[in-house]
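Between the sequences and the hints, there should be enough to build the whole structure, so can you do that?
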Amino acid sequence: VEPRADPDRRTELQAIFADERRFRPWYDVAARRVYAYLFGRCGGDASLAEELTQLTFVDALRHRDSYDGRADSITWLIAIGRNRLLDHLRRQEREERRRLRLVVREIAPQDAHDAAWRTHDERDDIVRTMRHLPATQRAALILHHVDGLPVRDVAAAMGRSQTAVESLLSRGRERFRKIYEELDRG
Amino acid sequence: VDDDRLLSSLRRIAEPVDASEVFLDRLYETLAGELGFRGKAPSDAEPARRPSWVRTRRVSRLTWLAAAALLALGIAVGAAVVAAFLERSTPPPPPAFSDVTSYRADPERSGVQPGPGPGDDPVLIWSVKAAGPIQFNPVLAQGILYVGSDDGHLYALGADTGAKRWAFDAGAAVRGSAVVEAGLIAVTDANSVLHVVDAATGTQRWEIGGILDVGDVSDGVLYSAGEDGVHGFDVQTGTERWTWLAPAPVPYVAIAGDTAYITSGGTLYAVGLADRAERWHHDTGGTAGSLATIAADRVFVSARQGAPGLTALDRATGSPFWTFRAPSGNQANLGSIRNGVVFAPTVGPDFYALAASDGKVLWHVASGSTLRATPIVDDTVYAAIDDPGGVVALRASDGATRWKRDLGGPMQGWPVVSGGFVFTTDATGEIHAYGDRARAGPNGPVTVSTPLNEGAIRPSSEPTMPPDPSTVVSTLLPATTGLVDALDMDIGPDGNIYVVDRRPMVSVISPDGRLLAHWGHAGSDDGGFEFFVPNLGSVAKIVVGRDGLVYVSDANNGRVQVFTSTGGYVTQLGNRGANADRLVVPWDIGLDKAGNVYVIDTGLGSLSKFDSAGTFLWRVGGVGASEPELRSGGHGVRFDPSGRLWIASDDIGRLIALDADDGHGVDAFGELGSRPGQLAAPCGLDFDPAGNLYVYNCIGGRMQVFDPEHHLIGLWDGPTDDRRNAFAFTPDGRMYQLGLDDTIREIRIDLP
Numbered sequence: 020v021e022p023r024a025d026p027d028r029r030t031e032l033q034a035i036f037a038d039e040r041r042f043r044p045w046y047d048v049a050a051r052r053v054y055a056y057l058f059g060r061c062g063g064d065a066s067l068a069e070e071l072t073q074l075t076f077v078d079a080l081r082h083r084d085s086y087d088g089r090a091d092s093i094t095w096l097i098a099i100g101r102n103r104l105l106d107h108l109r110r111q112e113r114e115e116r117r118r119l120r121l122v123v124r125e126i127a128p129q130d131a132h133d134a135a136w137r138t139h140d141e142r143d144d145i146v147r148t149m150r151h152l153p154a155t156q157r158a159a160l161i162l163h164h165v166d167g168l169p170v171r172d173v174a175a176a177m178g179r180s181q182t183a184v185e186s187l188l189s190r191g192r193e194r195f196r197k198i199y200e201e202l203d204r205g
Numbered sequence: 006v007d008d009d010r011l012l013s014s015l016r017r018i019a020e021p022v023d024a025s026e027v028f029l030d031r032l033y034e035t036l037a038g039e040l041g042f043r044g045k046a047p048s049d050a051e052p053a054r055r056p057s058w059v060r061t062r063r064v065s066r067l068t069w070l071a072a073a074a075l076l077a078l079g080i081a082v083g084a085a086v087v088a089a090f091l092e093r094s095t096p097p098p099p100p101a102f103s104d105v106t107s108y109r110a111d112p113e114r115s116g117v118q119p120g121p122g123p124g125d126d127p128v129l130i131w132s133v134k135a136a137g138p139i140q141f142n143p144v145l146a147q148g149i150l151y152v153g154s155d156d157g158h159l160y161a162l163g164a165d166t167g168a169k170r171w172a173f174d175a176g177a178a179v180r181g182s183a184v185v186e187a188g189l190i191a192v193t194d195a196n197s198v199l200h201v202v203d204a205a206t207g208t209q210r211w212e213i214g215g216i217l218d219v220g221d222v223s224d225g226v227l228y229s230a231g232e233d234g235v236h237g238f239d240v241q242t243g244t245e246r247w248t249w250l251a252p253a254p255v256p257y258v259a260i261a262g263d264t265a266y267i268t269s270g271g272t273l274y275a276v277g278l279a280d281r282a283e284r285w286h287h288d289t290g291g292t293a294g295s296l297a298t299i300a301a302d303r304v305f306v307s308a309r310q311g312a313p314g315l316t317a318l319d320r321a322t323g324s325p326f327w328t329f330r331a332p333s334g335n336q337a338n339l340g341s342i343r344n345g346v347v348f349a350p351t352v353g354p355d356f357y358a359l360a361a362s363d364g365k366v367l368w369h370v371a372s373g374s375t376l377r378a379t380p381i382v383d384d385t386v387y388a389a390i391d392d393p394g395g396v397v398a399l400r401a402s403d404g405a406t407r408w409k410r411d412l413g414g415p416m417q418g419w420p421v422v423s424g425g426f427v428f429t430t431d432a433t434g435e436i437h438a439y440g441d442r443a444r445a446g447p448n449g450p451v452t453v454s455t456p457l458n459e460g461a462i463r464p465s466s467e468p469t470m471p472p473d474p475s476t477v478v479s480t481l482l483p484a485t486t487g488l489v490d491a492l493d494m495d496i497g498p499d500g501n502i503y504v505v506d507r508r509p510m511v512s513v514i515s516p517d518g519r520l521l522a523h524w525g526h527a528g529s530d531d532g533g534f535e536f537f538v539p540n541l542g543s544v545a546k547i548v549v550g551r552d553g554l555v556y557v558s559d560a561n562n563g564r565v566q567v568f569t570s571t572g573g574y575v576t577q578l579g580n581r582g583a584n585a586d587r588l589v590v591p592w593d594i595g596l597d598k599a600g601n602v603y604v605i606d607t608g609l610g611s612l613s614k615f616d617s618a619g620t621f622l623w624r625v626g627g628v629g630a631s632e633p634e635l636r637s638g639g640h641g642v643r644f645d646p647s648g649r650l651w652i653a654s655d656d657i658g659r660l661i662a663l664d665a666d667d668g669h670g671v672d673a674f675g676e677l678g679s680r681p682g683q684l685a686a687p688c689g690l691d692f693d694p695a696g697n698l699y700v701y702n703c704i705g706g707r708m709q710v711f712d713p714e715h716h717l718i719g720l721w722d723g724p725t726d727d728r729r730n731a732f733a734f735t736p737d738g739r740m741y742q743l744g745l746d747d748t749i750r751e752i753r754i755d756l757p
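Respectively, the protein sequence lines represent chains A and B.
Start counting the first sequence at 20; every next residue gets the next number (the working numbering).
Start counting the second sequence at 6; every next residue gets the next number (the working numbering).
Per the computed footprint, the stretches of chain B lying under chain A, defined by three or more beta-carbons under 8 angstroms from a beta-carbon of chain A, are:
no. : region
1   : 10-17
2   : 21-34
Part of the chain A face toward chain B, derived, beta carbon under 8 angstroms:
no. : residue
3   : E39
4   : F58
5   : G59
6   : R60
7   : E69
8   : R109
9   : V146
10  : M149
11  : Y199
No lab work stands behind these hints, which were simulated from the structure alone.
We put the beta carbon where it would ideally sit given N, CA and C, even for glycine.
Next up, the structure:
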């Protein structure tokens, strides 16, 4: 069932944006939720997660009149955050396809074992593995396996056919598996 | 990792983490400012003199209206008499169109346009409509107005009539700024792709991704703001000439004199064009900064999102002279500057004229809405009105309103003032030209109803097919060489041909086809090979150094073995351990003049460098790298005459040049595809003695020759391959190529 617009929620959010005494407690909850949503999906890149969190709130302020109360305000924020993340991944995909800028990762033999990516903390490995996936595969895995969107919705969000999304998911899983195993072996 | 663990691992990504309290506090302050919790109420600000169209009382407005009606009646009667007289006289020629070839009209970004503008009562002369909103700063050159639209097109319109000359289909919304130079126009699209297009025909010359703002041209180099820094491209060819990597994405760059003024995050950097050295930097105090404006000994920059203020800096040192903060707390920007007066709109109703010397307010008006872009022409400041959309002309000396026109939607681009016209664009996609009434035709304004994007020019045109420069002059058959499923070959300094095949065996063959030596056996001992790699098949590469030593990649044993030219075992590089010098599946090998060895490891997806003694030096790419370009390793590893190391990335169809000292990227070109000049899984490359680059497509089997400027100058098609291609040059420029049938062909190359 398609949720309905809720004028009360809309009024409530407008009141929050108009009064700092109400804005502060709402922000304290919302900012942490949005950041937590984005952090893992950004491959554990804290600065990127912060940037996208900021853009999410700026978007929300700018488009607050479009909020119709269909979802609660934090769910609405997270949906904006997801769109921001997809925008970022689209840019990254273009970058991967079109641009080649190599940066040296210097590894001296003596400190190879200290390289940060060799850590055996499982969750860190998972998050870092995501960072090493091509942008489109990462987007498909996040939307489908992490956020639980059906393939049809993932295809709509990414502007691709369902077949293409299935293919991205399949290749993404295999690549994830390969990279994760590589990290796991240390 | 089985499927269940894979999916449960993926779900762990959603586990909550704590955000930095510093970040949360900083963001909170930004949002509180945006929401007005930190600013003074507008009534606290200094009294504003409102422009005439909003500042009068209702009764007064009615009086003025009646007076204006009487005046208009009088003018109309008078005009009719005058018109009857003028009908018999010859009208003066319209003013010529002056060029406005970049955002804010000049490299210093002063906002001063040459004009001329219309008189005080302009009328609509023509209008056309794009299929999408316009968020673009138009430019004008040679009487052509160039406008980008969210409908994905760049339009070229005759400035006098609005007639469409051409439309270029960029494939994504064309936004931001443009620059016209040497018959080309550069724009960026919403996917951060920079397009350089022939300004006369709309045909694309070249494009590159990762660019946020088109920037400006200086000495034939287009300095553009990118996601990782500023890049200078040869405007004619797209070859990268200049790079300055920034700590954060660069939304703006201004070029003035010998210095680039680069905005990155909340910091403005002054960087020398000649030495790429940072001269100074200035922290605006905000999380983002504006485009810099340069005038005389000063540089002006605004802080955004955090501490909104407009600051004047010493151009030589970056030291601040003064900072202006609007009493409303709203962000103040530099709109334009001329003769020591700074015109500063704010993100709000206030508009200021400031003294450039000390930042003091000269005059101030408060309009009904935000004024944005404010070019100045003669004694008039033209301002785009945000909401409701419009354009207003203010007298520069005191801010008095000269005229105002409403538009269909918010105006977000800069007006262009030229040839007696003011050109406006708005969020509904409309493009208007306002001019003096005498410029209007007898039937009033011309409104073009034909969709502008009809007949758009696609970005790429079919490249021409270059000649086939190859002629086979001799053939060595496997019946005489004894080769069996050859995998790779190279030419030694002795002129002999060294081949590795699947048996596994290394063979040394004279130019006339005699087998001079051979060695090898299956195994993992010294001199043993395991070329077969599960899931990959048999792979091996061979290169011969200037000293005659022979290097063979022993893929499944995870090492590169080194032999004398007669097969004596010398040493090996790499191992299967866990150290940084490990090799998992070594494949392509390269040697530089100093004897250093470069190995592509397709298992790690990386490129490693060892010195001539076999000591590991560095590795780039691989699964541990945050950069995507070398994750699959690539192929090739050959050196151009200037010592740059080239590899072919078969995954993305690019040829990449690296600095052999530290492995950082210095050049790249190519795109995926099967048309001439495009790369379909490029898997082999080498240079002839003249520095021409030969690249072999592993899909389609095409060999292509690029000159040192990356122009395609030769091409021939071979059999479709499964990576078992190989070719090499003798020092005198003869090419040998290994065929799938184990035949070695000597090929003469005659390039144009």
